[in-house]
Amino acid sequence: NAGVTQTPKFQVLKTGQSMTLQCAQDMNHEYMSWYRQDPGMGLRLIHYSVGAGITDQGEVPNGYNVSRSTTEDFPLRLLSAAPSQTSVYFCASSRQHRGPGLVTEAFFGQGTRLTVV
Amino acid sequence: QQQVKQSPQSLIVQKGGISIINCAYENTAFDYFPWYQQFPGKGPALLIAIRPDVSEKKEGRFTISFNKSAKQFSLHIMDSQPGDSATYFCAASHTTSGTYKYIFGTGTRLKVLA
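Which chain is which? The protein sequence lines are A and B, in order.
Heads up: the first sequence runs through residues 25 to 141, numbered per this note's numbering.
Heads up: the second sequence runs through residues 150 to 263, numbered per this note's numbering.
Derived by calculation from the structure, the hints in this document are not laboratory data.
It is possible that part of the hints are untrue.
Said to hold, decoys possible - In silico DSS-like cross-links for lysine-lysine, where the CA-CA straight-line distance does not exceed 27 angstroms:
#1 K191/B with K33/A
#2 K250/B with K33/A
#3 K260/B with K154/B
Based on the sequences and whatever the hints tell you, model everything.
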């Protein structure tokens with residue numbers, strides 16, 4: 025019962041490097057999202073997807089790209105890492121609502137701690 | 150209008166005491182209000198949630214109180230235990246918008262002293 029799996033758990037990048045944070049879920053959830061968590065700022069939405077082939081921007085999308093080619097995977101790409109992107113990144117998934125009043129919980133991965141030097 | 154304001158930032162409670170965390174929102178379209186609990190090194194996990202058609206929801210020692218007119222909701226942890234020490238996030242969502250986005254508060258770090 026894996027749930028939401030994020031890799032890697034830790035990563036150190038040099039400024040200007042690119043990398044991809046992986047996220048996979050085995051619950052057949054339609055909705056997936058990426059958040060970053062910074063001290064005193066809570067969880068801020070970066071990008072989200074309501075299904076394969078559909079993505080949209082969240083609150084803080086600059087410097088990040090996403091794609092959703094399958095229901096299971098939702099990778100987050102850092103194009104050119106900057107020190108301001110030092111953060112803990114969380115991927116989450118949930119089942120699509122079936123109508124007003126019907127909600128399902130968001131399941132979070134264990135996070136990726138990224139440091140950009 | 151999308152903000153969810155959470156207070157306090159940190160909270161220290163004696164074992165057996167009541168922990169209270171407050172949140173306020175601005176967007177009246179929000180219709181789902183979950184609380185998430187996060188332990189160090191782990192991802193957030195759903196603790197309890199409420200919809201605005203009820204004023205209170207209780208699950209064990211955890212209670213959400215909801216005041217629709219004031220646009221406020223709070224989490225009460227009764228008989229707080231050291232195992233409750235964690236960071237708590239309130240959130241809000243507009244479930245009928247079709248976007249399934251959550252707006253999170255800034256978090257409250259709770260420490261329960263033994």
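Against the structure, the hints:
For the hint linking K191/B to K33/A, the alpha-carbon distance of about 11 angstroms falls within 27 angstroms, and the restraint holds. Taking the CA atoms of K250/B and K33/A, the gap is about 24 angstroms. The hint holds against a cut of 27 angstroms. Between K260/B and K154/B, the direct Cα distance comes to roughly 20 angstroms. Compliance with the 27 angstroms bound is thereby established for this hinted pair.
The structure fails none of the hints (numbered hints given earlier).
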